[in-house]
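Visitor: Each chain, written out:
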Amino acid sequence: MQTNSSKTQRKLSYAKALVEATDICMERDPKVIMFGLGVNDPKRIFGTVGNLPEKYGKDRIFDVPLSENALTGIAVGAATMGYRAILTHQRLDFALLSLDQIINNAAKWHYMFAGQWKCPIVIRMIIGRGWGQGPQHSQSLQAIFAHIPGLKVVMPATPADAKGLFIASVEDSNPVIFLEHRWLHYLEGEVPDGYYSLPLGKSQISLEGNSVTLVASSYMVYESYRAAEALKKIGISAEVINLQTVSPLDLETIIKSVKKTGHLVVADTGHASFGVPAEIISRVTENCFSALKSAPVRIACPDYPAPTTFALAKHYYPRSSDIAEAVLKILGESNGFEITNNLKNIEQSLRPDVPDLKFTGPF
Amino acid sequence: MIRVREFEETVATRYSEQEMRCPVHLSVGQEAPPSGLCEALAEKDQIFSHHRSHGHYVAKGGSLKKLISEFYGKATGCTRGVGGSMHAMDVDAGIIACTPIVGGIMPVAVGSAMAHKYDGNGIVTAVFLGDATLEEGVVHESFNFASLKKLPIIFFCENNFFSVYTHLRDRQPDRPLVDLAAAHKMDVYSVDGNDAVEVFRVSQLACESIRKGNGPVFIEAITYRWREHCGPNYDNDIGYRTEEEFQEWKKKCPVEKLTKQLLLEDKDAEEKIKKIHTKIRKEIEDAFQFALESPFPAKEELFKNLYAN
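Protein chains in written order, with my numbering: chain A, 1 to 363; chain B, 1001 to 1309.
To be clear, the hints were calculated from the coordinates, so they are not data collected in a lab. Since we're looking at a predicted model, the values are computed, not measured. Hints may contain errors.
[Claimed, not checked] Lysine-lysine pairs mimicking PhoX-like chemistry, simulated, CA-CA at most 20 Å apart:
(1) B/K1117 to A/K58
(2) B/K1257 to A/K31
(3) A/K55 to A/K16
(4) B/K1149 to B/K1212
(5) B/K1212 to B/K1044
(6) B/K1150 to A/K58
(7) B/K1149 to A/K31
(8) B/K1212 to B/K1185
(9) A/K58 to A/K31
(10) A/K344 to A/K314
(11) B/K1282 to B/K1257
(12) A/K55 to A/K43
(13) A/K202 to A/K259
(14) B/K1150 to A/K118
(15) A/K344 to A/K233
(16) A/K329 to A/K260
(17) A/K260 to A/K232
(18) B/K1149 to A/K58
Build the full structure now, drawing on both the sequences and the hints.
Guide: Here is the structure:
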């Protein structure tokens, strides 16, 4: 972690960590502006904006007309003239209206003008699941953005990640797609005080181990962690890599781990086909095939749209028991039935469409 | 005006040599709109445009050497050969960016105008669009935002009646184009786009109003594209428009019109114009020579500039 001094840690929610990060960016650089639908409405983007509209005024933080595509272009234009724009979308699905500006303009702005213009923008999109978000309110399309040269795609897992990666994203001179999982906003964790940033394109080993490598991003880091903790009981020590940035991909950390463990499971919030796990597994097999002792496995959502009713959704999203099962299978471990069963019991004790029992709908 | 005409005609003539290996969207016949507008803009003012941008670039004072080098794919081009003719730019001349996704540049120009308003630097932004651009949703999003925020921007629409080969009447109901902008509560003008003096007069009014802080202005300049959509040729024989229609518009040649206007005011005008032609031809010839002698970008440039530092 890159910090400019040793920091006091305190517990903060992921949402509050984002407020703090935005505040720090705006305080440090008067050219940082933020806009998006509802940034200063009473809900403040699920509590991620806090009182910043009052603090910084309407020129720097403003609500907008419902024009996702134009607003993205407006961010590009302001960035061209020296501003750093943060654009917010309450769902990733809404941002799909702006794919022209993201892919044709923002991603290519620096390359196609031979380095004469920069495009420092951060586009916050919220991904997620649960409470009936359904086919058009929950998509995890990181693979689409990661496919486009020129974009950076960031998927923080912990509150401390959220703060450090957000500050790095705003300070970056390139367009960054910043994906926040809706279930993580509530999550609390230790967050360093004051200014610090986490480098984009660098992963973190959140749990060391030597039996199997579990790679995950965003919410799937928690599911992987839960699986790893359970597997410990039968002596399987999983190494959990928290990707943090999907693109550029930190292949080095993954390869190093696979060379140590010989086994790889990649968990992602997106659809299985043509996704982030597919890319990681492909890269690993290209680069260190001989280190693999078993065929790598991807854990992802089915190649179907997400259903709304929890009766179907509970069968749709992969959880820690699926990860544990995959690990047991590739390790040829036959006495792990109890492990996966316990995980399944815990999962079933929770309502399938909320992150925890404190939560009441709607999202 | 003459520079735009001579420039485009020279490109048309030399295109058949097959050495300018990128698409060219020529604006012969449409010289008056950019010439009139850019005459009204101050040097520090900025323009954004689309694929048919050479006339805009030349009228705003962009370097001919850079643009022609770009057509040839040379390292001395506007974007070192990466963008080609559809991504013309010359920051020193206030030509910020051109992109060929119809409507795609509009919000970028609006965002840039917002930055200038914040900075209070008095810069007026002009963004070129065509009649077909008005069919894109992002244009209305851009109009709405610019008007809401009273941004210092001119939406400058060259109506040449054609979206590639499809006529306006097959694409839009019969209505004044300016009504679309007026609906977003901004001042609008419709002018004879083959009359440079008239375009200049209206553009001046727009600039004055914008500099007073009154927000965006929309100008429609009605004009006509003489040559094919993309490429150096005439295409009246392929069936989407008639030779008669073209000849009618050719009679309204904007360069001839301005020449006649000048002759009325100055009996020596003919001689002066002749000298201008000669001077500009030499300038263009030099620029071509420069481009032809320039090096191509090195292989390493393929992998440069993906990310900014």
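Visitor: Identify every previously stated hint that the structure contradicts and give their numbers, smallest first.
Guide: 2, 11, 14
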